[in-house]
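Just so you know, the sequences run in chain order S, R and G.
Counted from 1, the first sequence has number 145 at position 145 by the numbering used here; the numbering is strictly sequential.
Whatever position you read off the second sequence (first residue = 1), add 1000 for the numbering used here.
Whatever position you read off the third sequence (first residue = 1), add 2000 for the numbering used here.
Derived from the structure by calculation, the hints contain no laboratory data.
Careful: at least some of the hints might be erroneous.
Short, incomplete list of chain R residues facing chain S, as computed with Cβ under 7 Å [claimed, not checked]: (1) MET1176; (2) PRO1179; (3) ARG1182; (4) ARG1195; (5) LEU1197; (6) ASN1200.
Label pairs and their calculated CB-CB ranges [to be verified]: (7) S:ARG23 - G:GLY2325: 40 to 48 Å; (8) S:ARG198 - G:ARG2230: 43 to 51 Å; (9) G:GLY2325 - R:VAL1113: 54 to 62 Å; (10) R:THR1286 - G:PHE2141: 56 to 64 Å; (11) G:THR2103 - R:ALA1228: 19 to 27 Å.
Straight-line distance between alpha carbons at most 30 Å, and here's what the computed DSBU-like set of lysine-lysine pairs gives [as the list claims (entries may be wrong)]: (12) G:LYS2309 - G:LYS2283; (13) S:LYS137 - R:LYS1177; (14) R:LYS1116 - G:LYS2060.
We put the CB at the ideal spot given by N, CA and C, even for glycine.
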Amino acid sequence: MHAETKPTDHKAAALAAFKDLQREPGVTKPDPILVVDNVVRRFGGLTAVDVKHVEIQRGSITALIGPNGAGKTTFFNQLTGFDTADAGEWTFNGSRMNGVAAHKVARSGMVRTFQLTKALSKLTVIENMRLGAQNQKGESFFRALLPSSWRAQEDEITARADELLARFKLDAKREDFAGSLSGGQRKLLEMARALMVRPELVMLDEPMAGVNPALTQSLLGHVKDLREQGMTVLFVEHDMDMVRDISDWVIVMAQGTVIAEGPPDTIMSDARVIDAYLGAHHDAPLSEEELEEQLQEAEAALEAEVEEEAGK
Amino acid sequence: MDWFNIMVTTVEAAVGVETVFYMLAAIGINLHFGYTGLLNFGQAAFLGVAAYGLAVTVVTIGLPFWVGIGIGLASVILLALLLGIPTLRLRADYLAIVTIAAAEIVRLIFRSVTFKDYFGGSDGRYGFSEGFFAMNPFSKGEYGIGPFTFNERVTWVLLIGWILVGLSCLVIYMLMKSPWGRVLKAIREDEEAVRALGKNVFSYKMQSLILGGLIGSFGGYIYALGYASVQPDAFSTELTFYAYTIVILGGAARVFGPVVGSMIFWVLLVFIGNLLNELIEAQYITWMSVNQIGAFRFMLVGLGLVLLLVFRPQGIFGDKREIALDAR
Amino acid sequence: MRRAVIAFTAFLGGLIFLLASPASAGPADCQGVKGTLKLQGQPVNGAKIVVTTEDGKPVKEVASNAQGTWDVQVDKPGKYKVTLDVSSLPQTAEVRGGNNVRTPTVYKDNCSTVLFALVPKAGGEQTPGAPAPTDTSDSSFWTRAAQLTFEGFNLGLIIALAAMGLSLIFGTTKLTNFAHGELVTFGALIAYLFNVGFGLGVIPSAIIAVLVGGAFGYLQDRFFWGQLRRRGTGVIAMMIISIGVAMFLRFLFLFLHGGDSEPYTEFNAQAGITVGPITAAPKNFIMMAIELAVLVIVGIALLKTRTGKAARAVADNPALAASSGINVDRVIRVIWTAGGAIAALAGILLGLSQTVKFTMGQDILLLIFAGVTLGGLGTAFGALVGSLIVGLFIQLSTLWISPELKSVGALAVLIIVLLFRPQGILGRRERIG
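Input sequences plus hints: build the corresponding full structure.
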């Protein structure tokens, strides 16, 4: 861990890496941790994902945005082995990951969370955390029957889990069933549990969906913290404020393909992005105000959709 | 009315052969269903394959008793692999349908005329238990307390049966206290979450299926030795469903749930059967005949299962916050 | 909820009085061999049975009585030889497979039942459930294949009738209903009650039974399953509850009806008619026509009527259907009612082609599941295709394997198909995310 490093160093490093990049889809990054080529996924006649080339810069916070049905979650599922791609290759830290089972993807350091939180509500908070640790001796059948062989490791894991719980302010809930937590607390727990895996790349699927506004700032802080500790973050989000606030780089998907990439402050003025969100072409360039207004409309529409999704 | 006889048979039912073999079947089901969330509706096949593995090895092939036990256990592991590999990656209800179909296939093959030379058709097999009773430390006589006695053969079978129950419970207890058990309970709730944390879910489900099948197979041996014979229809789907009733009655995902569940189940069943029998013989009940008692008892089992799940899905010992059945 | 369970129990209690028939008490002490000789459900009187010990010492000779039954008591348990004198049989009858000797084992204080399956000698009818008397000498492979295809269609259509209801109930409520087989038995037994108990003809009894079956489905949903859904009972809990319901109903049927296989009073012995390579009793052709007609009507109803379209919409996506103004509860109730009625019809037809027994629904349930799963869980038309495949496979497999193992083949195919195409033949691959 890089706890002693000053926060600004990582952010500055990430921004420096992106500084001179072309703002084109599929642009090459100086130090990519994840490289994706020609990933295709079809459902019947519908092509849900068709990504030609994408790279994710190590040590940065990258946002993956796009209108509903753009294939973001499906793309996540492909990359993490939860769904099988029809075609395509991708490498993580230089090793091939296509066709690799989900649990092996996680073990290699690429850990994801889910849009609908998967806190295990019938386990206690601390048991949820312990579950995340890797290479547990007591998880093999025969050693499980010999408590002396795993007790010491279990204590280490518990200590680390308690540290993380304290950081995420869940320590008071330690012995409660995860089912008794609020929606935001579950998101926090899921993120903390993912950290127990000791990931290099954390993939968050809509970390803000269904979170009480009071918890939003703390969640944002935790996401920034991940970068400060040397991890790479890739997240799917609908909340544009959050995207602007924390991401170093933004990738935009629409209809299954990557249509634009760029820094968060300028990406929203990219014509292709506006087209994708508004679903219409504009002959004349928009004024700043018009653009702002249309973006707000689009955001409102998106939020409504997110709420609908959450309400399901 | 012979209250004394009713009392003796009822008390004996609490520890008898039937109770013990159902107990072992149910401990296996509890691991599958209670802890892992696997819907194995073919537990009868696991018991049957083990019992026939023993019987066929000894009677048809003529090998010694211990080889028969070994072949039975190996067959159970093979069956678990055969059932698990195609279905454990699919949705839960597919395992249910495939296992119930497999159990029926196994039973039909055991009872078929085509394979009568191997499995003995609907009469089954007998005469394989001499190797077991040769080891009997009990000399001829009745053993027990007061009026509750068993002969030396039953006593020997029950001793081994209860040792197996004790060992199985100990293993389940140790496992469920360990990280291995934690993974299993997590899978029961949401296997995708567990996969996302780097655990090989398929492997754990398979381990659970095999271990639960093996514990169930002990029940198959206790049946085979307790009755000194095996018949195909003893391993019908009803056996599996009674085991489920026992698990839910005692409390799913509780180590001693199946033990207490099986004792209560058989005590109730035997008591009701005997009581009805006496009441009919004494002409207190005229609306049914002695022949209908069996059907009536099983009606009660079905009704009991429904009522349990509707009103007390956690059973006697279960923790409502923790069980797999969200019956509410 | 408590009220619902009480109501449901009371309804079933009412059935007890409706169905109650005097129970026949078997002989309390019995040690020997016994049996019943029937030709297509009709007792065979005066057939001679010779019982000897295993080494040929004569024990007793008896003849079957007017009910077709015979009974020989023996002093010692052991193996006995039972011979049916073929010359004493009616001209029209023969023993299936030609083997008229059985060697049962008699256990202490137990009566062994000895079966001699009698079949019409030539040109007789063949039933879908019973293996066809194979007359290999003068019929070629292809004639038999044609005959078995016909029988397979017949069986497949009966399975399809039951499977449609099961599949639609699964599609709309996610309930894997293990008690669906009991809806089949229920129909057959109600028809039996009116036919044999009250002396009505088979056809009016069948019509009444279909109506009662529909009412049974409606009441089950109204007072039981609907209430459970309202409480938010989980799907797995519901599945296990349905197992309890199945056990309760099945043994209730045993309690009321007894364990015997019984025929209806009409359409038992019909002279076979020959159409091309197929020989069958006229009732089989009529039954097939009824099955096809009902399936076509159900199919059209699903495609054309408002309720049918709504049913498919609900099966596809309940949340979306509810938000588009469909009354989901009403649709489910209609499906239960129709499902109960056509399952009852399946039971009556099954009872006509075989006999009525309390386990008939349980026996066919796995084949129904096989049909539904093969076709793709939750799709009504998939269930139809899957059931036909199961029926055809079962009958045609007897060309190569012993008829007693034909269900084994069908269930094995189910497992193999799930291996390669888990979504079934017509099912869609499930979409993630």
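Are there hints from earlier that the structure breaks, and if so, what are their numbers?
-> Hint check: 1 and 12 fail, others pass.
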